[in-house]
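K.L.:
Let chain W serve as the given structure and place chain A on it in line with the hints.
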Amino acid sequence: MLMAVKNQARCTFLAIKYGIVKEMLNRVSFITNITFMILNNASMLIQWIVLYSLKDNIGGYTFKEIMLLWGLAASTYGFSHAFFYSSFKLSDTINKGKLDAFIVQPKNVLLNAITTHVSSSAFGDLIFGYLMVFIYGFSFKLFFLFTFFTITGGLIIVAFAIILGSLAFFMDSSELIADNGNNLIVHFATYPDGIFKGFVKLILFTIVPVGIANYIPLQVLINFDIVKFLIVLSLTIFFISLACLIFKLGLKKYSSTNLMSARI
Amino acid sequence: MTAIKVENLSKTFKVKVKDKGLKGSIKSIFKPKYKEIKAVKDISFEVEKGEIIAFIGPNGAGKSTTIKMLTGILFADEGNVEVLGISPNKERKKLAYEIGTVFGQKEQLWMHLTPYDNFKFFGAIYDIPNSVAEKRIENLKMLFELEEFMDTPVRNLSLGQRIRCEIVASLIHEPKVLFLDEPTIGLDPVVKENIRALIKRMNKELKTTIFLTSHDVGDIEKLCKRVIIINHGRIVLDDSMEHLKYNYLNKKIIEVKMKEKVNLEDEPGITILKDKGYNLKIEVDTKDKNVADVIKLLDPDKIIDINISNIPLENIISDIYKNEEK
Numbered sequence: 001m002l003m004a005v006k007n008q009a010r011c012t013f014l015a016i017k018y019g020i021v022k023e024m025l026n027r028v029s030f031i032t033n034i035t036f037m038i039l040n041n042a043s044m045l046i047q048w049i050v051l052y053s054l055k056d057n058i059g060g061y062t063f064k065e066i067m068l069l070w071g072l073a074a075s076t077y078g079f080s081h082a083f084f085y086s087s088f089k090l091s092d093t094i095n096k097g098k099l100d101a102f103i104v105q106p107k108n109v110l111l112n113a114i115t116t117h118v119s120s121s122a123f124g125d126l127i128f129g130y131l132m133v134f135i136y137g138f139s140f141k142l143f144f145l146f147t148f149f150t151i152t153g154g155l156i157i158v159a160f161a162i163i164l165g166s167l168a169f170f171m172d173s174s175e176l177i178a179d180n181g182n183n184l185i186v187h188f189a190t191y192p193d194g195i196f197k198g199f200v201k202l203i204l205f206t207i208v209p210v211g212i213a214n215y216i217p218l219q220v221l222i223n224f225d226i227v228k229f230l231i232v233l234s235l236t237i238f239f240i241s242l243a244c245l246i247f248k249l250g251l252k253k254y255s256s257t258n259l260m261s262a263r264i
Numbered sequence: 001m002t003a004i005k006v007e008n009l010s011k012t013f014k015v016k017v018k019d020k021g022l023k024g025s026i027k028s029i030f031k032p033k034y035k036e037i038k039a040v041k042d043i044s045f046e047v048e049k050g051e052i053i054a055f056i057g058p059n060g061a062g063k064s065t066t067i068k069m070l071t072g073i074l075f076a077d078e079g080n081v082e083v084l085g086i087s088p089n090k091e092r093k094k095l096a097y098e099i100g101t102v103f104g105q106k107e108q109l110w111m112h113l114t115p116y117d118n119f120k121f122f123g124a125i126y127d128i129p130n131s132v133a134e135k136r137i138e139n140l141k142m143l144f145e146l147e148e149f150m151d152t153p154v155r156n157l158s159l160g161q162r163i164r165c166e167i168v169a170s171l172i173h174e175p176k177v178l179f180l181d182e183p184t185i186g187l188d189p190v191v192k193e194n195i196r197a198l199i200k201r202m203n204k205e206l207k208t209t210i211f212l213t214s215h216d217v218g219d220i221e222k223l224c225k226r227v228i229i230i231n232h233g234r235i236v237l238d239d240s241m242e243h244l245k246y247n248y249l250n251k252k253i254i255e256v257k258m259k260e261k262v263n264l265e266d267e268p269g270i271t272i273l274k275d276k277g278y279n280l281k282i283e284v285d286t287k288d289k290n291v292a293d294v295i296k297l298l299d300p301d302k303i304i305d306i307n308i309s310n311i312p313l314e315n316i317i318s319d320i321y322k323n324e325e326k
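Protein chains in written order, with the numbering used here: chain W, 1 to 264; chain A, 1 to 326.
The shape of chain W in the complex, shown without the other chains (with noise of 0.2 Å):
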């Protein structure tokens, strides 16, 4: 059994690795998209800065807790960009009978599928999120919790795209619900969750789990609370349970397609 893990830990790593290198191949392009890629995320911070101008306090939040919101954000959607891009393309990949070369092979066809490319300008994201944690005030035990939450939150958004992605085996045509929804959990989580309530509020911490990725982890890091932290801890095993089951299900009505198709 823990060899099985290691082995798939090896070839998760090498898929990994071999994205980067492709990504990697034009350093122009690489190093351009990162670049852009936080000055991007720090253009969107002008708008609120001129709302902290007219206010000083936006959800409850001020704008020092805002930075470090859109930071989590970001480092939220940059880690699950940067290692887990194929997740967000999984409708493509089982409508295009892509998964084909994955289940003749020996290992995780769930893990191996979403792990075949890398978003080079997700590294911005992740860049930028940490740019934040400094801004915000840099101390051991936020970069650790900070960290934390970033890969909690990175595999929430994961989850989420794996269940909306596996929509695919049990309906046609259904990209656009997957696009919609994975957009729905970015957009929201640049919102502090103060300005939501009643029937919003209670979607964004159930259907569009964006208040288990980014809400509840940014409380905890302004003000650490165990409970919160095994809260969202667990929640992150549940998503990701939840979605290996909606994927296991669904690959039993994998119908794959004789289009060709390459592995690029």
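Please note that the accuracy of each hint is not assured.
Below, simulated DMTMM-like cross-link-like pairs (lysine to aspartate or glutamate); rule was C-alpha separation at most 25 Å, straight line [to be verified]:
(1) A:K16 x W:E175
(2) A:K33 x W:D56
(3) W:K248 x A:D285
(4) A:K18 x W:E175
(5) A:K33 x W:E175
A few chain W residues that don't get close to chain A, going by computed Cβ distances all over 12 Å [to be verified]:
(6) I34
(7) Q47
(8) S53
(9) F63
(10) M67
(11) N108
(12) T116
(13) F134
(14) F138
(15) F148
(16) I151
(17) I177
(18) V186
(19) I222
If you want the footprint, here are the derived chain A segments under chain W, 3+ residues with CB under 8 Å [claimed, not checked]:
(20) 71-83
(21) 88-101
(22) 107-115
(23) 122-132
FYI, nobody ran anything at the bench for these hints, they're computed from the structure. Here a beta-carbon is modelled for each residue, glycine too, at the ideal position from N, C-alpha and C.
P.N.:
Same frame as chain W, but now just chain A:
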């Protein structure tokens, strides 16, 4: 020893259908209609260890669906499949260590990596220690003559070189059964010939069981000793290559160049395929007329040149498909 055992295997796909035009599209949103396509209907066969078998049929016959059920890609609706005694759906990972697959239409290699890096990656996929993987890569590199382009990214290789690399990648874990789904698709005749020679050598040296689907009659004729023909999801023929030729090669093609014109119309057992005055191409049904009689009819003194050949296997197979459809 049985390598592949298939019993009463069936697979049905549910496909959405819609009426023509925009109206049909709108209607299908509110009231979707589906039809069932029975891709594979109750097929059974066995393949012995070390055998090279051709599994052929026209487009949409059910070849790829069957191969995908044998490799664990698709779940069967009914029936039982065992490859080396392992159920592809129940023990997918266990089976994957024992089989190799090459899908001519789908590439498994990473395009931006060199063949060497790809093979190393496949070595990791199959948990092969680095030192063992290196040795195998070295052996396969010699066997498949890959030295020249081992350090060239796959995307820069020719199609033939790429297919050779695909086959090597599927052999890195020394599979006992190799599934080849149209491995020579799109290749030129010289490369096809090379690939066939390599497959034959692999079967001989490594005793690999080979399950081959192809539309190329050359692949079948030159590689396989047994043929299974599938059409409309059913097996229409399961016979040795020798029997297939013996039973269906009762027709001969005679191409002849004559000194004088000759009239063979209305002769029983003879069909004129081409008549260009002194050059004649005829098909002789040896059940009705033997070749010697035809030569007598032509008059040997008037023959300048003659060529007698078998009917191409391609025509035999297409006749079998057509008869099945009737």
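K.L.:
All hints, please: hold or fail.
P.N.:
Comparing the hints with the structure gives:
no.: 1; hint: A:K16 x W:E175; in the structure: holds (17 Å)
no.: 2; hint: A:K33 x W:D56; in the structure: violated (57 Å)
no.: 3; hint: W:K248 x A:D285; in the structure: violated (57 Å)
no.: 4; hint: A:K18 x W:E175; in the structure: holds (20 Å)
no.: 5; hint: A:K33 x W:E175; in the structure: holds (21 Å)
no.: 6; hint: I34; in the structure: holds (19 Å)
no.: 7; hint: Q47; in the structure: holds (38 Å)
no.: 8; hint: S53; in the structure: holds (48 Å)
no.: 9; hint: F63; in the structure: holds (43 Å)
no.: 10; hint: M67; in the structure: holds (37 Å)
no.: 11; hint: N108; in the structure: violated (9 Å)
no.: 12; hint: T116; in the structure: violated (8 Å)
no.: 13; hint: F134; in the structure: holds (34 Å)
no.: 14; hint: F138; in the structure: holds (37 Å)
no.: 15; hint: F148; in the structure: holds (29 Å)
no.: 16; hint: I151; in the structure: holds (24 Å)
no.: 17; hint: I177; in the structure: holds (14 Å)
no.: 18; hint: V186; in the structure: holds (28 Å)
no.: 19; hint: I222; in the structure: holds (42 Å)
no.: 20; hint: 71-83; in the structure: holds (count 5)
no.: 21; hint: 88-101; in the structure: holds (count 7)
no.: 22; hint: 107-115; in the structure: holds (count 7)
no.: 23; hint: 122-132; in the structure: holds (count 4)
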